[in-house]
Each structure stands twice: as C-alpha cells, then as structure tokens.
Amino acid sequence: MRAELTEEQTLLRETVARLLADTYPFEARRALLHSPDGWSRDLWSAMAELGLLSLAVPEEAGGLNAGGIELAIVAEALGAALSAEPVLPTAVSAVRMLAATGRMDTLEALTSGQSIVSVGTETWLEVAADGHLTAELVSVPWANTAERLLLFVQGPDGTALIAVDTDRPEITRRAHRTFDGLAAADVNIQALNMGTTDVLADGDAARQLHREARTLRELWLAAEAVGLMQVALDATVEHLKSRVQFGKPLGEFQALQHRCAEMLIALEQARSAAILAASVLDDPSAERDRAAASLVITESARIVGQAAVQLHGGIGVTDEHKVGWIFRRLTMIGLLLGDADEQARRLAQLGGIVDLD
Amino acid sequence: MDLSFSLEDLAFRDEVRSFLRDQLPAGLRQRMSEGRVISKSDLVEWQQTLNARGWATPSWPKAWGGPGWSPVQRHMFLDELHSAPAPEPLSFNVSMLGPVLIEYGSEEQKQRFLPRAANLDDWWAQGFSEPGAGSDLAALRTSAVRSGDDYVVNGQKIWQGMAQHADWMFTLVRTDPTAPKRQMGITFLLIDLRSPGISIRPIITMDGRHEVNEVFLDDVRVPVANRVGLENQGWTYAKFLLSNERTGIARLGMTKRLIARARACALQLAPAARDDILRHLAHIEAGVRVLEITQLRILAAQQPGVPDPRSSILKVKGVELRQAASEILLQAAGPQAYEMSYEGHDEAPMEAAANFLTLRAASIYGGASEVQKTILAKSVLGL
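In order, the protein sequences belong to chains A and B.
First residue of the first sequence? That's 1 in our numbering, and the numbers climb one at a time after it.
First residue of the second sequence? That's 358 in our numbering, and the numbers climb one at a time after it.
Derived from the structure by calculation, the hints contain no laboratory data.
We treat Cβ as the ideally placed atom computed from N, Cα and C, and that holds for glycine.
Hints are all accurate, no fakes.
DSSO-like, lysine-lysine: derived pairs with alpha carbons at most 30 Å apart: (1) B/K735 with A/K241; (2) B/K596 with B/K538; (3) B/K735 with B/K596; (4) A/K248 with B/K538; (5) B/K467 with B/K419; (6) B/K735 with A/K322; (7) B/K397 with B/K419; (8) B/K538 with A/K241; (9) A/K248 with B/K735; (10) B/K596 with B/K397; (11) A/K241 with A/K322; (12) B/K735 with B/K538; (13) B/K596 with A/K241; (14) A/K248 with A/K322; (15) B/K419 with B/K596; (16) B/K397 with B/K467; (17) B/K467 with B/K596.
Derived CB-CB ranges, DEER-like: (18) B/S736 with A/D283: 32 to 38 Å; (19) A/F179 with B/L367: 45 to 51 Å; (20) A/S45 with B/V663: 43 to 49 Å; (21) B/S736 with A/E27: 32 to 38 Å; (22) A/D341 with B/V663: 39 to 45 Å.
Kindly generate the complete structure, drawing on both the sequences and the hints.
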C-alpha cells in the first residue's frame, strides 16, 4: 500500500501542470469564449507534441497505454486549469475506439493534433426501417469543430458504431457555447444512408465499445471534477484569509470555517471516488463501484461548487472571477454524470454494494 | 498510488476471519448483529479469548504484549471485528489507558496495570468530562489537593461509559488552580472506584439504556503513586490519549451491518416503498464505499506517531453515514421497530429504534462534529 504516485506518474502530473501554467493563464482561457473555435489550437499542438493526445492509445497501436490513474492525473490537471479543449472526446474516447477497430490512419491524424473527432452522444440512435438515420443531437460538446462524428446506432441491421464526416450534405450544425463556456453544436442529421457511412464496429463489438466509452467518460469527468474542486477550495480559503470584514479576516468566523471543512470533506471523498473509478477502469464487473463513485462526485461537485461561490460573496457571481467558471463547469459535470438520485437508482438496481453474510 | 493489500496482509485477514469464525460465540455474534446490549460477562469473556490469542491490545508494543501489527493490519483487524460483528477490546483499557501508561507511566504502574487491563481483569472508566467541561475539557474543576502521600479529590465527573462495570477510572483533576494557563494545572490520576467517597449514579439515555453515568468524588484519597507522570502535566497525557482515540473511527463495518439489516427489512416491503428505501440506502452505501478508500489513503500515508488531522474527516463522515443508516433502518423496519427495551421490561423484538437513538450521541462524543470541523479548518486548511 502506497499513498504517493509513482515517479512516472508524478512526472506526468508535473508535465501537464507546467504546460498549462505556461500557456494557459485564466485570462487566456476566458478569452477563448469569444474565439471562433472556443478552444486553443496552440495548446492542442503543444499537447500533441508532448504525446498527451496519444496517452490513451494502447501500446500495440503505438500509444502510451495509460491506465486509469494516469488518465485521472491528466484529467485532474486539465480540470484545475479549466481546460476548454476537446481532450475527452478526441484524445480519450475516439482514439480508443479507432485503435480498437484498427483505423490507424485516422488515429494518427488525431494523435498528431491534425484532426478533431467528437463522440456524438452515448444514446443509441434509431435507424429507420429504410436504413436511413434522421436525428437532432442537442449541444454535442465540441461538435462545432469536429471533422468527424462517432455515433452509436441501432436499427434493422442491428447495432453499430459509425463514423461520419461533418461536412456531408445530410449534416448541418449550429455552433454555440454551453453555460460552462465550452464549445458545442446542435447537430441535425437528415436521412443519412447507413450504407454510405463508415462502420467501425457492429453487434457485440459495438456494444463493447459503447460500454468502454461510457466508463472512460465517467472516470474522466470524475477526475476533472476533482481538479476543479481543489482549485475551488484553495481559492475560497485564500479569499477568506485576505478579505477583511468587521475588522478581521473572514476566515476567523467559525460559520465560514465549518463551511470550508465541509468542502474539504466533500473534496476528499470525491478524490477517493476518482481513485476508485480509476482503479476499476478495466474491470467490467465493477459497475457498482462506478455508480458509487459517480454518485459521490456529483454530490461533492454540488457541495463544493455552490459553497465556493457563496463564500466568495459578490465577486463570486461575476463573469470575471475564476470561481464562477469553476462552479459552472462543476454544475455541467453533475448534469453530464446524472444527479445523485439517478446514480442511487442505478446502484440500487445493481443490488447495492454492502454484502454481509 | 496503490491501495491494494499485500499478499501478507490478505493472509493475515484470512487468519483473523477464521479465528472469528471459530472463536466468536454464536449467541454473542447474534446479539451484536441485532444491535443489542452486551453483558459485562460476555464482554470480559470475549476480551479474554482475544487476549489468550495475543490480540486484545493491537496498538501496544510487543514488549507489553502487543501483537506487533502494522497500521494496515490493525485497521484490518478492527474492520473484521466490526463486520463479524464482534465487540472491540474495551477501548478505555486498550486504546486509551494502555498507550498512556506505556508512554508516560512508571515501571511499577506498567507492571501492575497493563496485564490486567489487557485481560479485562480490571475494567477502566474514563473520567474526563464534567458538567462544566465538555468539548472545552480544560475547563475541568474537580480538584486534587496534596495531603501526605495522597491526593484528596473532590468534584464531579459525567458521561462515564459503562462505569457501572468499572473497577478503576483514569481521571483528569485540577492540582494548580492558579496556573497561568488552565491547561497547566491539570494532573492525570488513576482512581480505584472502590475507594470511600465515590458514588456512581446511572444516567438513562433516550434509547432507554443505562450506558453512561455520573461519578461523584467526595474527599476521595488517591495515593500519589497512582499519579501518571508529573504533577500539572496531565494535559499533555490527555492530548496524547485523545489523539489515539480518534484513529480508526470511521467504523464502517458497523454502518454496513445497519445497511444489511435495513436491506433485509426493505425486501419485505411493497415494491414502491422497497425501491424508495433501496435508493436511500444506495446513497449511504456509495458514501461508505468511498470513505473506505479515504480511510486507506490516510492509512497509507500514516507516519508512526504523527497524528493526521485528516482523520477528523473519518470521524465526521463516518458518523454521518452511520446515523443515516440507522435512520433508514428505523424507517424500513416499520411498526415492529416501535417497541423498545426499557429497563425492567421485556426485551423488544428488534433494536432499530434504540440503535437510531443511541447513535445520536456519536456526533457528540469523541470530539463533536463541530469540533472536528474546526480542527479541519485550522489544521488542514490553515484558517
């Protein structure tokens, strides 16, 4: 049993943190909101150069074959820096699916930073009896800049994972920003003939990839949330130490101290939840642990995010202060993971965790 | 980062499990899993069974009969006891008094008291709190005045758990009321509860049980030889004792037991009510599963002899989950749980209500949750 990271893991964490500290100050991050893409191509190239975009690629496909802990380290660091880049859909989910299905040329375009691929949705889209797909996908993260979309479909020919280019005439996109400031697009698909799409996998293989994508996303969002929560707590403690009211620092008021202690408890529980999710990443039988982890993450994100804004006072609700951005992203992660009640239902349906006698 | 147990630790856990399977009396186990009051004779007999195996004093050094376990093994042992469920070795003897005597007691005190404490030949009570000194322990007023080779002790102690069974009480008394700081005038005494001038009165708590007591001390003579360490240095020893009290306090095995009982009740209910209860339980189960990881993280980072203030997280969150589980058990059990075992009445069919009521105290004793939050804010966050 060892509480510390290995040397390689520590190096990875420092590498990512240094890159973000050098190239990604908060003001630069904030300016991205009004840029055409909504995220930084410069940072993306730098990540590609450092090999971060091939981190999740298996060894046999020429990647670094990151395990759960390594992925969590990167996600946490990106979360702490409020990264707006499409790392999850492109450099985690898509690269795994392309590697698993032997699409080496497309994979190479992704890991080198040339191309962006978005995972459309985790919902299985219904293909009509005539073999055509019509669908309206709302607020697909980073779909505004994606050259290709990966979609899970089911229909007369069974289930499949398909890839489609976003410049096809059947597809129209309306780009926008979501409330956490990140780039997204509504994607409208009109009568897309399945026979003209690139089928990456079908049947059980497609279902397997779907499960994996979901598991990866759950871990990634958990670890990203931990990074955000740590920054939220640090910023709050700093604020309480420096802000003077009634002739003393706010941090001397016990009501506020206790609120911070509650944030700390929630954060440490969230950190443990992310570690749990990371440690069972490759274990398909650990669905209950994943549900437990997501429940705690979404609950903690709410406690920490809301308290951080409250304890910052007026400045906390402004657009210019970091804490509002942290809060918005934490709220979004809570929505993406599903709220605590939803996770509790999932866990209960799996039979709960405690098993004595 | 590696929170998995070594093969050696897993083999150790198997050894503990098989010991418990063979040695834990079925009746005791049954009463424990139903959350019932355990008799003095059952507790003594069980501790003597553990002591015969060398396992009654997990945290003591080998020289004083400890098993020489690592922190991980100690954690595993407690966890197995809670899950069995079996009683822990009496904490007053083993977790509180023992380490203080080993660290600060005289050779004669060690020889005289430690083996008897380990075997529960002497039952110890904790004489710290007073009516005017609860969370603010340094406000204590029970006085001890030197008279020849004795101290003469006068005052009142309160909340002595199971003192009705006790032979001895380790006690904080004020020996220097004029000390510049309150903490500097306190002495740690070992008091024989059979001494003249002592009276013990029961306090019946809202669970209908007699667990805690008041102890009145009226001109009680205590030999100076029963003072631990130096006069007026008792606060140091008490702080040492309390830092030991706080470790391993998540008690997740107990919470799991409550969850398992609640699930068993829920499965008897109509589908809608059942699903509601199971969903509530899932919230708690997730917290328990994740707090296990937090516990392992703190354990893995533990430096010998250095208390980790983050263990306050285990106390606050552990109690919160245990209380919540007991509340759901009460809800799931329905009317069969409304009857309670008052002293002098029949034993009730189940103890869900008493367990729920008993646990209200868990966020008050051993450092109230509010005290723990202040520790976290100051020691971990630097506020």
